[in-house]
Amino acid sequence: MNIAVCVKPVPDPKFYDKITINPKTKLLERNKIPMAINPSDKNAIETAMQLKELYGAKIILISMAPPEAKEILKEGLAMGVDEAYLLSDRAFAGADTYATAKTLAAGLNKLGFFNLIITGSESVDGGTSHVPSQLGELMGLPHLNHVIAMVTEGDILKMKTKIENGYMVYEGRLPMVLGVGKEINTPRYVSLMGVVKAQGKPYTVWGLKDLQLEADDVGLAGSLTQPGSLKTPPNERKVEMIDGDLEEKAGKILEILHTAGVLN
Amino acid sequence: MKSCIQRVFLTKGVDDLKIQNGEIWVIAEQVKGNLKEVSFELLGKARELAVKDGFPVTVVVMGSGIVAMANDLITYGADRVILIDDPRLSLYQNDIYALVLENLIRKYNPGIVLFSASYSSSEFSATVGAKLGTGVAAHSVDLYFDEQGEFVQVTPAFGGRVLGEILCPQTRPIVASIKPGVFKKPDKDPARQGEIIEASAAGLEHYESPLKALMVVQENLSGLPLEGAEIVLAGGWGVGSAEVWQLLEKLAQGLNGAVGCTRPALDEGWAKGEHELIGVSGKTIRPKVYIGFGVSGATHHVVGIKDSGIVINVNNNSNAPVFQISDYGVVADVKELLPALLEIIEEQSNIHN
Amino acid sequence: MLKFTEQQEQLRKFVRDFVEKELAPIASKIDEEDTCPVELLRMTAQLGYNGVFVPECYHGVGLGYTERAIILEEIARHSAGFALALMTHHLGVYAILTWGNEEQKQKYLPKLCSGTISGLSVTEPGGGSDFAGTKSTGQLVDGYWILNGRKCFITNSHCADINVVLTRTGEDEKGRPRMSVFVIDENTPGCKPGRKEKKIGLKGSDMGEVILDNVKVPVNNLLGKPGDGAKIGLGSISEVGRSGMAAIGLGILRACLEDSVKFAKERIIYGKPLSKLINIQFIIAQNRIDYEAGRLLTYNAVGMKDAGLPCVPEISMAKYYTTEASINAAKRTIDLMGGYGVIADYPVGRYLRDAVASIPSGGTSQIMQIIIAGNELNK
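Residue numbers (the working numbering), protein chains in the order written: chain A, 1 to 264; chain B, 1 to 353; chain C, 1 to 379.
Same shape as in the complex, but just chain A:
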């Protein structure tokens, strides 16, 4: 079985409240926030690893990212994937999800046939959850996002997808593209053996020329949406602190509720 897992390095979500916008340049200040592997992409790697352990598979890791993403890909190799490919080129910068999916598709097509392409259902920075669907469409493969449980029966996958307050059940025929949610499994920790084995695994970097794409197919030029200006969410509230002892504080809160007309 050939499985591809698409991963994305994102600024570590633990630090999002430290992100600011430079008031002069109006650009994002990432303030030295460390990068991490997108959380649900780790679930995607774990899904692939479990299939490998059940059925035997070759797992390729692929990412469209700047050169610093090498750390992320090494982590995937240490988790147990077999090969890693980084698609990195100045031309890829500024890509929206569609241009990203296009670039990933070009990389995947170059690598050959995959029975299954898995990625996290959404990235914590942009959070669009579009890539799995766009990737499926661009590659002409059936796709399903927000998969939270999966059972394989030969070439047929039986899957549960998440919806608000419930779930749906689908059957799909491989090959497929899947976006998996964090409910699907618990990603394994990297073992020492994994770290040692990762050292010898193939790690390849491809740029625009290697993918046989043109500059206006990718990056900002190849994007269907264009970014405009950035701002931090506005806040017009000005807090009035309520003083007094416990009883007085409680009383004041109830008074506010009464004035707001929400008490029976």
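Incorrect hints may have been included.
Below, in silico cross-link-like pairs of lysine-lysine (DSS-like), each with a Cα-Cα straight-line distance of 27 Å or less [said to hold, decoys possible]:
(1) C:174 to C:135
(2) A:231 to B:184
(3) B:288 to A:238
(4) C:105 to A:197
(5) A:238 to B:107
(6) C:3 to A:32
(7) C:262 to C:272
(8) A:14 to C:13
(9) A:14 to A:70
(10) A:52 to B:212
(11) A:32 to C:276
(12) C:265 to C:276
If you want the ones that stay clear, here's a sample from chain A, every Cβ over 10 Å from chain B, calculated [claimed, not checked]:
(13) 2
(14) 25
(15) 34
(16) 51
(17) 55
(18) 71
(19) 95
(20) 186
(21) 189
(22) 249
In case anyone wonders, no lab produced these hints; they're calculated from the structure. By construction, the Cβ of each residue, glycine as well, lies at the ideal position given by its N, Cα and C atoms.
Given the coordinates of chain A, work out where chains B and C should sit on it, guided by the hints.
Okay, now just chains B and C, sitting in the frame of chain A:
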């Protein structure tokens, strides 16, 4: 595979899709014959946009046994409802739904198409967008026309910490998805008239899907739903324990309010379930009064309550960031304040009885 | 210049990830309840920590003592007590790896690398640093060794599956005691934990008595030759035991440094962060110096062991330094935190107790000084 990529490149020149700020379409969301509230919320926004835009508002409803929904949508503001009632559409499935909608869009050429950003509908929007070779702005929190008449979509990033404008200058239709709860449901006008078009699920005749939707399961939830509640009591990490959480639940009952939570409180197992989660990966709410207990004020929660009427927060740390986005702040130990509130309420109800 | 390889840096990152997710959230609880989270030792086995320096042919990871120190430092940063449990397991592993015959290595090492837990029982009421005080006996009877005695202050006493024990098996020509080391298999009748001690620190690992009551052990379970006991016991403790303690002290030093910096930045006093006060900066500087010095001593020492160089004095210096310095660093950090430093919700009190409790493990600071002076004076 290569031919698929080339197909999309061809549409980028937009020869077969006319550029126009034209009709605004709302793709309604329904599950098992129930129209989701978000469909009305988007309709309200579309009506507002149509005032500047000058074009009519159409709602598209797809499903099986859905004919009765059309009138309801008209009374909430649709000028036209396109109904596609077909047994093959009884359960949402991305390829089938997207094929039908793609054909419809290519036939009618709307300028702007709005989807709900629920799990299913955001997948739906991305699939349709890819088929049409047009951009999709995901989980937008605001939509408007700027001074140049360009349609602007505002989307959050980094857990809501940053709001970014998204434009779609080259392709049509412009597609955006919007989270439930972001816009307000408009008022109903029972006398309102509109057009109903029954369309067929064109495009499915020769299509054999490699996917099959088998079922949808919806859970019955206990407790007052967050959406539409006038009072919401939300608990965060500062509540501290399951025992104190019980006091919060009791207070909510006493005040006839809904219970909400932050991610840490959910992860601790205090809250009943994800349906109580408020924030970027949970619900957006606009109660008359929000009272937070032990909520620190992390952006990813706070973005879910910004349109609330009055925001009160209780936290034992006077430096807690949450006070910056509150109307009233109380520095107190949640463990002690909750019983104090419960006592007063009990006294007051004894007086009344 | 101290420099780690890319693989070692990666390894540290992943060990830290595991520790932060699985150990850090329960560190306070295992200290309060004084229990060893044995299931965590089985998890560390699956990740390779339990057999880090065991060759791959025995199902170990085939890495070295630098990697072991990295693992122990990362674990000790959050729970020095749990680090002690793992580090003690390594002593039994090391004894078998170094002095066992091929049959013994094949029998025990794969198990010890994949979840079976070991202890090393040397200390007795009559002697810890003084081996000659050993009173436990081993007698060869009808082709079996019969072991009797009582060991005390034994880490992993209540969770070890396999015990590596030192007993007196005879006397030499001069009447001095001859010691031998035996491996006691799982569930061998007569070998059981006795009283469990309540330590003041390093909780998160069991420590207590191991009772040997007519324990019958096959001759194949003798490690090395009769009389090798002192060599094996001392050999395991002097390098592997003490370098483990050095790494644990280092973890505590880092905990003090990180917590003091975090507190100083967040606490507002006189309208400014605490870190603006000069006296606070002095404390942070000293914490930093102690950590850096401990780091250099520790990794230099284990690096020498990895290179196969004799390194007993270097390891003794590292153990002496990090354990003593961590007591001072913890006290300083408590002072820095003012009233908060003495509230149990903050872990710094635990750091102090753990630091104090680490002094006697592997030999007291005074023993370390004797070793270092001996080495220096005999050059």
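Status of the hints after comparison with the structure:
1. C:174 to C:135: holds (18 Å)
2. A:231 to B:184: Holds, because 23 Å separates the two Cα atoms, which is no more than 27 Å.
3. B:288 to A:238: OK: residue 288 of chain B and residue 238 of chain A at ~17 Å, within 27 Å.
4. C:105 to A:197: Holds, because 24 Å separates the two Cα atoms, which is no more than 27 Å.
5. A:238 to B:107: Measuring from Cα to Cα gives roughly 51 Å; hence the hint is violated.
6. C:3 to A:32: holds (23 Å)
7. C:262 to C:272: holds (14 Å)
8. A:14 to C:13: Holds, at about 16 Å.
9. A:14 to A:70: holds (21 Å)
10. A:52 to B:212: holds (25 Å)
11. A:32 to C:276: Roughly 23 Å separates the two Cα atoms, so the pair holds.
12. C:265 to C:276: Cα-Cα ~9 Å, so holds.
13. 2: holds (14 Å)
14. 25: Since the minimum Cβ distance to chain B is about 14 Å, residue 25 of chain A lies beyond 10 Å and the statement holds.
15. 34: holds (14 Å)
16. 51: Check passes; 19 Å lies beyond 10 Å.
17. 55: holds (20 Å)
18. 71: holds (20 Å)
19. 95: At about 12 Å from chain B, residue 95 of chain A clears the 10 Å cut-off, so the statement holds.
20. 186: About 14 Å separates residue 186 of chain A from the closest Cβ of chain B, which puts it past 10 Å; holds.
21. 189: At about 19 Å from chain B, residue 189 of chain A clears the 10 Å cut-off, so the statement holds.
22. 249: violated (5 Å)
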